[in-house]
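Residue numbers (this note's numbering), protein chains in the order written: chain A, 1007 to 1268; chain B, 84 to 470.
Just so you know, these hints were derived from the structure itself, not from any lab.
Given the structure is predicted, the values throughout are model-derived calculations rather than measurements.
All residues carry an ideal CB built from backbone N, CA and C; glycine is no exception.
Warning: the hint list may mix true and false statements.
[As the list claims (entries may be wrong)] Far from chain B by the CB rule (all over 12 Å, computed), these chain A residues:
1) E1047
2) K1068
3) E1070
4) D1074
5) D1153
6) E1191
7) P1197
8) G1217
9) M1219
10) E1224
11) D1234
12) P1238
[What the hints assert, rightly or not] Derived DSS-like pairs (lysine-lysine); straight-line CA-CA distance at most 25 Å:
13) A:K1123 / B:K345
14) A:K1068 / A:K1084
15) B:K162 / B:K245
16) A:K1123 / A:K1107
17) A:K1107 / B:K345
18) B:K345 / A:K1255
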Amino acid sequence: MKSSRRKFLKIAGVSALGLGAKPVLDVLAASGEHEETSKPEIMKGKDALIAKRWAMVVDTRKIESEEDLKPMIEACHKIHNVPEFENKNHEIKWIWLEEFKHEFPTQEHEFVDERVKHLPFLTLCNHCQNPACVRVCPTKATFKREDGIVLMDFHRCIGCRFCMAACPYGSRSFNFRDPRPFIKETNPEFPTRTKGVVEKCNFCAERLAVGRMPACVEASNGVLTFGDLDDPESEVRKLLKANYAIRRKPALGAGPSVFYII
Amino acid sequence: MLEKALTGSKRYYGWMAALLAVISVGFVCYLWQFRFGLGITGMSRDVSWGFYIAQFTFLVGVAASAVMVVLPYYLHDYKAFGRITILGEFLAVASVTMCILFIFVDLGQPIRVMNVLLHPTPNSILFWDMIVLNGYLLLNIVISWKVLEAERNNVAPPKWLKPFIYISIPWAVSIHTVTAYLYCGLPGRGFWLTAILAPRFLSSAFAAGPALLILLCMIVRKFTKFDPGKEQIQSLAKVVAYAITVNVFFFLCEVFVVFYSKIPDHMDHLIYLFVGLHGHGVLVPWMWASMILMVVSIILLVNPVTRKNETVLVAACITVFVSTWIDKGLGMISGGFVPNPLHHVNEYVPTVPEILISIAVWAIGFLVLTVLYKIGVTVKEEIAGLA
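Excised from the complex, chain A in its bound form (with noise of 0.2 Å):
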């Protein structure tokens, strides 16, 4: 069982390091009497939702301005204890808002109509299925689960920052001081952060091992959708059905979960 730590992780989220992982441990430790031969099984905790691939699906034509962005942003950075600095240079975010040229470089051109040229789009990990990421870290501290889900061992980080030049769409922060004393109200169910580590959205990895869904789309008023891409039955894949849904560069191969019906 000297890798459990890290089959842990992977099916528990970053939620291991912090509260709601009772269950799992529990059945870690009974699984922990099989035969040697195989491989260790770790079971879900009971009320954990599950997915192939987690996506998201993000409908542009709710949003009117960025009033209605602001809450999703909010719980996400108040939940997960993300700083906020003074100095730009050693900004942290997970979730943000940006113009539809910043958000898809490649698809801006001078007659985009004037709904969508003035639309703030939210801004987040992607949870590619090819992640270059996870593809450059040299220590495997960012890794892909057997859900699709991006994550982040913030105790194996080394802070080399080689995720941050790979990733095609901006979605990492680095952690340039502490930033402990920059949270405004510390929550203790999830782990701060040390300086010296790389950060970014995690799909709320943690919440989903509770059975509860990502903090962003709670606070959404329908604007997100989060689901199984691979059942036909998910709700993100009846909306990618019926509606034109693009994602952002996607000549890449990066192959991102996160869509954009505009």
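Start from chain A and add chain B according to the hints.
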């Protein structure tokens, strides 16, 4: 032989003391960075690699260039270079030492550096870079030491050394190729996403490294009784001449592809570096200076009249070194990060502590180099009966 580094003239001690003073200033700055984090540098969310990684990249090239003296001597039996292979190899040792230090000072969590070994990850190019750099360091230490020892004892170098010498030749090419692969395999960075990046790195390396070696040979000749030789310096000068020419040619190939294809993701970085983008262009004068100096150095080095004049040659070598340093040590890394993948322009300028730490790493390199050259040159003087 190490004891030869312990005795020397007043000038030798003075130089070492000066280097140590520079190192201690940088060391204090590093302690500050260690405590505070990389926030004391000019790096940001958008430009997440800066001066440290740029110096690392440039110095990998200087390290690789030892092959330019090793290859002609061992593969083509060009005897004249036998006299200076040791200088080239010692330069490689000092350069790789600096490379490793620059990577180290760039880490956000330096105490976790061993995670690279604890969790080896072959799909990461950084893993391979660690292997080739450390391997190259080891090869050069073993080879140079054994060859010098044999020379001192007036015997042939041990037979088992030959395979290592031959391996060191492609290995030198590999260190800069792998270093280029760090950058050119990244999908969202148009500036680096070019198959000619590794060849460009190698051509500028084979210009900058031998140019520095020529300058070092001149210094050795001036301050010691060992003369690396006129022919040797002239042969090196030809290497520099063609390498810098090829480097400019490769750059122009890049410029053609980028601007004829007109793909914005690739054009924007070159526009930023040479003209400025959206009112930002802190590197513009530097980049033009680099290009002009490269062209000047080609004129001075290809023309035999100017090349053979050693005063002009010194100027030309300094020109080559400075121009390639600007190109790689300033423009190559931050140029790839501006504009960022979302086409925002956030510029990077190194901070004072960041520069002081970088200078200290350079000083450590020169300290290592001085010790090694002191040993090498003293042995050479003894052999010649001059000491």
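For each hint, the structure was consulted:
1. E1047: 23 Å, holds
2. K1068: 23 Å, holds
3. E1070: 23 Å, holds
4. D1074: A:D1074 is indeed farther than 12 Å from all Cβ atoms of chain B, at 21 Å.
5. D1153: For A:D1153, whose nearest Cβ neighbour in chain B is about 21 Å away, the distance exceeds 12 Å, so it holds.
6. E1191: 22 Å, holds
7. P1197: Holds, since 15 Å exceeds 12 Å.
8. G1217: Given a closest Cβ separation of 31 Å, the condition holds.
9. M1219: 27 Å, holds
10. E1224: Nearest chain B Cβ is 26 Å from A:E1224, so the label holds.
11. D1234: Answer for A:D1234: holds, closest chain B Cβ roughly 26 Å.
12. P1238: About 30 Å separates A:P1238 from the closest Cβ of chain B, which puts it past 12 Å; holds.
13. A:K1123 / B:K345: 24 Å, holds
14. A:K1068 / A:K1084: 24 Å, holds
15. B:K162 / B:K245: Holds - the C-alpha atoms of B:K245 and B:K162 are around 16 Å apart, at most 25 Å.
16. A:K1123 / A:K1107: 7 Å, holds
17. A:K1107 / B:K345: Since the Cα atoms of A:K1107 and B:K345 sit roughly 18 Å apart, the hinted pair holds (cutoff 25 Å).
18. B:K345 / A:K1255: 18 Å, holds
Consistency with the previously given hints is maintained throughout, with no hint failing.
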